[in-house]
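Participant: Chain B: place on chain A using the hints.
Protein chains: 2
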Amino acid sequence: MSITEHHPAPTAHAAPTPAELGIGARLSLHPMTDGFVPVILGALRAAARPEVEVVTDDVSTFVRGAEHHVVAYLLDAISAAAASGAHVVAHVHLSRGCPGEVACTVDDAILRRPVTLGPLPRSHHAASAHWALYPLDDGDADRRGDHMAGIFAAIEHARSLGVVTGSEHFVTRLDGDLADVLGAVAQGWLLVGQRVRHVVSHATISLGSPSASAAGAR
Amino acid sequence: MSITEHHPAPTAHAAPTPAELGIGARLSLHPMTDGFVPVILGALRAAARPEVEVVTDDVSTFVRGAEHHVVAYLLDAISAAAASGAHVVAHVHLSRGCPGEVACTVDDAILRRPVTLGPLPRSHHAASAHWALYPLDDGDADRRGDHMAGIFAAIEHARSLGVVTGSEHFVTRLDGDLADVLGAVAQGWLLVGQRVRHVVSHATISLGSPSASAAGAR
Numbered sequence: 001m002s003i004t005e006h007h008p009a010p011t012a013h014a015a016p017t018p019a020e021l022g023i024g025a026r027l028s029l030h031p032m033t034d035g036f037v038p039v040i041l042g043a044l045r046a047a048a049r050p051e052v053e054v055v056t057d058d059v060s061t062f063v064r065g066a067e068h069h070v071v072a073y074l075l076d077a078i079s080a081a082a083a084s085g086a087h088v089v090a091h092v093h094l095s096r097g098c099p100g101e102v103a104c105t106v107d108d109a110i111l112r113r114p115v116t117l118g119p120l121p122r123s124h125h126a127a128s129a130h131w132a133l134y135p136l137d138d139g140d141a142d143r144r145g146d147h148m149a150g151i152f153a154a155i156e157h158a159r160s161l162g163v164v165t166g167s168e169h170f171v172t173r174l175d176g177d178l179a180d181v182l183g184a185v186a187q188g189w190l191l192v193g194q195r196v197r198h199v200v201s202h203a204t205i206s207l208g209s210p211s212a213s214a215a216g217a218r
Numbered sequence: 001m002s003i004t005e006h007h008p009a010p011t012a013h014a015a016p017t018p019a020e021l022g023i024g025a026r027l028s029l030h031p032m033t034d035g036f037v038p039v040i041l042g043a044l045r046a047a048a049r050p051e052v053e054v055v056t057d058d059v060s061t062f063v064r065g066a067e068h069h070v071v072a073y074l075l076d077a078i079s080a081a082a083a084s085g086a087h088v089v090a091h092v093h094l095s096r097g098c099p100g101e102v103a104c105t106v107d108d109a110i111l112r113r114p115v116t117l118g119p120l121p122r123s124h125h126a127a128s129a130h131w132a133l134y135p136l137d138d139g140d141a142d143r144r145g146d147h148m149a150g151i152f153a154a155i156e157h158a159r160s161l162g163v164v165t166g167s168e169h170f171v172t173r174l175d176g177d178l179a180d181v182l183g184a185v186a187q188g189w190l191l192v193g194q195r196v197r198h199v200v201s202h203a204t205i206s207l208g209s210p211s212a213s214a215a216g217a218r
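Line by line, the protein sequences are chains A and B. Mapping the first sequence onto the numbering used here, position 187 (from 1) lands on 187, and the numbers just tick up by one. Mapping the second sequence onto the numbering used here, position 117 (from 1) lands on 117, and the numbers just tick up by one.
Isolated chain A (complex conformation) (with noise of 0.2 Å):
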């Protein structure tokens, strides 16, 4: 093979950017306490890189970048959250493949490649998930859709992973270490990402309940 120093290498292309793959996610924090709104800031604040692009409104907070920087994002803001001791609720809303209103026109060999999400550091803190999963499989030119396989495969996932405590009406209930609750949320969503060109997942994240507490162990 010739030297190419001249030309970039395939690899040295631009990659597409979280922008154009439509790949980010909406966070909700919820500390309940009179104190809610420096646990908010603080947790937000403690999770910032350079990695992600962060636009916080009155309602939720939206972060975008590659995939694993996200689910980090997401990771510290509810871990400092929860760090303070009150009971927090997170609601996570990923999402991949068509950026807001706007059809995608992205090509399917690069939106549908694999993607893995390395190893996430033990967040210490108890979580239990209500969690949901939304393949919006269209189909293609030779095949009907079938959005519940992905869901299927999606919670084998889950189990395989020892997160998945029990199966409520239209959701999936998690519980375990932050970490693999996010873990395993994640990982879902990028798993079908894999066969499905637009993926949403939704979770409802709960740390340091007094019911939970009440109920002990489940």
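Think of the hints as simulated: they come from the structure by calculation, not from any bench. Hints may be right or wrong, so weigh each one.
Negatives, chain A to chain B, calculated, CB over 10 Å [unchecked claim]:
no., residue
1, 68
2, 76
3, 110
4, 112
Derived list of chain A stretches under chain B, where covered just means 3 residues or more per stretch with a C-beta under 8 Å from a C-beta of chain B [stated by the list, open to error]:
no., region
5, 154–165
6, 182–194
So the derived label-pair ranges between C-beta atoms look like this [as the list claims (entries may be wrong)]:
no., chain 1, residue 1, chain 2, residue 2, range
7, B, 68, A, 37, 33 to 39 Å
8, B, 68, A, 149, 32 to 38 Å
9, A, 46, B, 141, 51 to 57 Å
10, A, 46, B, 34, 45 to 51 Å
11, A, 46, B, 149, 40 to 46 Å
12, B, 142, A, 116, 37 to 43 Å
This structure is a prediction, so every number in the text was calculated from the model and none was measured. Glycine included, every Cβ here is placed at the ideal spot set by N, Cα and C.
Facilitator: Relative to the frame of chain A, chain B by itself:
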């Protein structure tokens, strides 16, 4: 036409139950105050009515019943929590079509029948929401799915109701009286339910936010 009193009229046939149609909601209420427990429990108690089945666990509350009863329950519960004067965020998750992890077998003509909500009484609580709708449109024998078509139709409908105030990443912003915001979310969900067998909607609804007050009326 002959007298038919010896045969039940078609309308007297047992209608499918909300459980059979997979219709219901999950609600999580987050009052940002040290006294959050009585606010949550009081709000759920204030909204209770015989027409809905309610199951509360440590993460969220499951509500099942006919659509208009479920929506009335949600409106009453969120209003009661907001009446505490605390900053309250509610997360509402509406679903119809696929009960839990079970595949849908209900006939299309029944599942996709038009359902209308009566007008909701004004709550006198200003609400700001981030709203997402997921028509899980796998297509049918004759066509591919097109989930974005349902989303666009529901947003247009909400716009006609005057509550759409912005288009954010992954969500549509709604502002207005809680009844109008919740009504637009539920009507969009039911509108799309007439063409897609499995439709889910999520809304993060904020009331009494100090950020919103600081930013002035939006």
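Participant: Now tell me, hint by hint, if it's right for this structure.
Facilitator: These are the hints, each one checked on the structure:
Listed as outside the interface, residue 68 (chain A) is consistent with that label: its C-beta sits roughly 19 Å from the nearest C-beta of chain B, beyond the 10 Å cut-off. Look at residue 76 (chain A): its CB is around 20 Å from the nearest CB on chain B, clear of 10 Å, so calling it non-interface holds up. With a closest Cβ-Cβ approach of about 20 Å to chain B, residue 110 (chain A) is found to remain outside the 10 Å limit, as its non-interface label requires. Annotated as non-interface, residue 112 (chain A) keeps its C-beta farther than 10 Å from every C-beta of chain B; the closest such distance is 17 Å.
Evaluation of the coverage hint for the region 154–165 of chain A: breached, as 1 residues show C-beta separations to chain B shorter than 8 Å, against a requirement of three. Given a C-beta distance limit of less than 8 Å, the hint that chain B covers the region 182–194 of chain A is violated, as 0 residues qualify and 3 are needed. One distance hint, 33 to 39 Å for the beta-carbon pair residue 68 (chain B) and residue 37 (chain A), holds here, with the actual separation near 37 Å. The hinted range of 32 to 38 Å is satisfied by residue 68 (chain B) and residue 149 (chain A), whose Cβ atoms lie roughly 33 Å apart.
Between residue 46 (chain A) and residue 141 (chain B) the CB atoms are about 53 Å apart, so this pair conforms to the stated range of 51 to 57 Å. Under the hint 45 to 51 Å, the C-beta atoms of residue 46 (chain A) and residue 34 (chain B), about 22 Å apart, miss the expected range. Between residue 46 (chain A) and residue 149 (chain B) the C-beta distance comes to about 41 Å, which sits within the given range of 40 to 46 Å. Roughly 38 Å separates the CB atoms of residue 142 (chain B) and residue 116 (chain A), a value that falls within the hinted 37 to 43 Å.
Hint compliance for this structure: hints 5, 6, 10 are not met, and every other hint is.
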